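Number of protein chains: 2
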Amino acid sequence: MKICNEDKLLAELLRLVPVSLDQPLGPGDDCAATRSPKRGQLLLLKTDCVAEGVHFLRSDDPSRVGWKALCRPLSDIAAMGGVPQQALITFFSPPDLDAGYWKKFYRGLGKAARRFGVTIAGGEMSRQPSGIAVSITLTGIVPEMQLLQRSGGRPGDQLFITGRLGGSIAGHHLDFVPRLAEGRWLAETFRPSAMMDISDGLGADLPRLARASGCGFTVNLADIPCRRGSSIDQALSDGEDYELLFSLSPKKAIGISERWADVFPKTPLTCIGSLTRSQDPPSGWPGGWDHFKEFDT
Amino acid sequence: MKICNEDKLLAELLRLVPVSLDQPLGPGDDCAATRSPKRGQLLLLKTDCVAEGVHFLRSDDPSRVGWKALCRPLSDIAAMGGVPQQALITFFSPPDLDAGYWKKFYRGLGKAARRFGVTIAGGEMSRQPSGIAVSITLTGIVPEMQLLQRSGGRPGDQLFITGRLGGSIAGHHLDFVPRLAEGRWLAETFRPSAMMDISDGLGADLPRLARASGCGFTVNLADIPCRRGSSIDQALSDGEDYELLFSLSPKKAIGISERWADVFPKTPLTCIGSLTRSQDPPSGWPGGWDHFKEFDT
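Heads up: the sequence lines are chains B and H, in that order.
If you're matching positions, the first sequence starts at 1 in our numbering and goes up one per residue.
If you're matching positions, the second sequence starts at 1 in our numbering and goes up one per residue.
Among the hints, a few may not be true.
Here are some, though not all, of the chain H residues that point toward chain B, as calculated from beta-carbon distances under 8 Å [said to hold, decoys possible]:
#1 Asp30
#2 Ala33
#3 Leu42
#4 Lys46
#5 Ile77
#6 Ala121
#7 Gly131
#8 Ala133
#9 Gly140
#10 Asp197
The set of hints was computed from the structure by calculation and includes no laboratory data.
The structure displayed is predicted, hence computed values, not measured ones.
For each residue, glycine too, the CB sits at the ideal point set by N, CA and C.
Given these sequences and hints, build the entire structure.
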């Protein structure tokens with residue numbers, strides 16, 4: 001069945017996801033309208049996207065692509081220590097695409113929305129001549145005192161990562177679980193000095209955290225936890241890990257491994273190095289994934 | 001110059017637009033963070049998009065496309081009676097596109113942002129195999145008691161539209177000025193029973209307002225103000241007018257034309273008909289622009 005009518009398709013798709021009914025205004029008007037977060041809470045805003053041929057293939061199960069599309073910005077909310085709230089979904093659809101594709105996509109997206117307490121507040125659709133692309137905007141809240149930024153790291157802080165890195169393309173990039181529980185727990189208990197999620201690979205993302213903090217870094221490559229079958233190179237450069245990278249003062253770092261293992265026994269937490277005063281990356285440090293690097297002139 | 005480095009390009013582009021500096025956290029971290037609206041104000045959320053070949057052509061001036069990309073969701077904020085606040089920009093770029101394209105695009109977008117008081121709070125970029133597409137998310141605020149929805153119209157309410165309709169493709173679709181001042185003024189003074197912006201053409205959008213209000217409608221076609229060179233058919237079906245459509249109780253409707261002419265002397269305001277009890281559209285009522293209608297089976 002080809003897509004015949006925009007309003008009808010959107011109405012059908014909205015039946016497959018949890019919508020923002022408790023708000024003054026959910027999908028269907030010119031804008032969504034929502035009550036403000038409580039006093040002392042900040043509103044988080046994130047926009048992210050997936051494009052066919054870059055983040056997924058036409059042959060991938062659309063429901064897994066829908067899961068991934070929402071879980072990517074969820075990973076960013078996690079990296080701020082936040083709690084996700086509402087999503088707005090914009091999709092670009094080639095004219096020859098069957099409407100069934102979007103129903104499967106919304107089923108997977110709805111599964112992620114229900115699991116992580118997100119409601120759908122609105123969206124937009126457009127044709128485009130070729131290729132599927134989706135942009136998702138996500139709001140979240142975080143107590144103002146618990147906002148975790150990239151920029152708070154200090155020389156001497158220890159660097160930690162959750163989970164294992166590399167080889168995401170074998171499947172993890174479509175099925176990963178954003179580290180929301182872990183991010184919230186860290187914000188409430190250990191309050192890392194800096195935190196971000198690893199989406200472009202540790203090779204690209206660690207220098208970003210260090211630069212934002214006005215630091216350099218040193219890493220013991222042998223300590224980097226690789227996903228089964230992945231080399232250190234892949235762990236640094238593949239990208240799409242969606243793990244958390246954070247820095248802790250040496251004092252706080254002493255106690256975390258034991259507490260972590262109690263609360264998240266299935267998820268490794270690894271100290272891989274530390275922030276330094278020198279702002280140069282270690283020699284030979286590889287870059288991670290850059291959307292445009294292959295087009296360097 | 002081809003796009004070589006994502007971080008560098010984003011930094012360059014952000015120099016061309018007003019960014020959210022007064023917020024706790026602007027572009028550059030995993031999410032943007034913003035203080036909540038004041039008590040009694042609602043937060044508006046809108047996402048919208050432009051795709052090459054649908055909303056613009058590769059040969060169009062990129063700065064006009066950037067202007068349009070931001071002004072489209074601004075028109076939706078206007079339709080709620082709101083004041084725009086922050087934007088997040090996601091763009092999909094084909095690999096052969098020159099970085100200069102995005103600089104021109106951001107210049108046009110920045111011009112609109114400055115004119116309408118919007119700051120850029122973040123964004124994302126991705127390659128896609130072909131075609132340029134941009135999705136923009138915009139926040140706004142509106143006093144809770146002044147939120148203008150599509151759903152409040154009642155039988156007997158008079159229907160008004162701002163400006164003239166039709167023939168947008170000749171240039172208006174790239175240069176239009178969103179009706180923010182008009183929307184705010186209406187929300188503060190006449191408080192329309194229902195309001196929306198006309199983006200898919202009056203033919204498609206008026207039935208949406210009527211349906212949301214549980215009404216039908218009657219329109220005197222001869223009263224519809226057409227843009228110079230446009231027929232009634234074009235005024236109903238071309239789309240991309242970005243004018244405001246609203247309903248007013250008969251009592252309020254008596255006084256509006258005179259007051260309007262004082263405040264907005266250059267913008268026509270026209271009463272085109274009224275909402276009715278019957279929920280069927282008038283026979284022969286044309287549809288407007290539907291992104292997928294040409295693919296009907």
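For each hint, the structure was consulted:
| no. | hint | result |
| --- | --- | --- |
| 1 | Asp30 | holds, 4 Å |
| 2 | Ala33 | holds, 5 Å |
| 3 | Leu42 | holds, 5 Å |
| 4 | Lys46 | holds, 4 Å |
| 5 | Ile77 | holds, 6 Å |
| 6 | Ala121 | holds, 6 Å |
| 7 | Gly131 | holds, 5 Å |
| 8 | Ala133 | holds, 5 Å |
| 9 | Gly140 | holds, 7 Å |
| 10 | Asp197 | holds, 6 Å |
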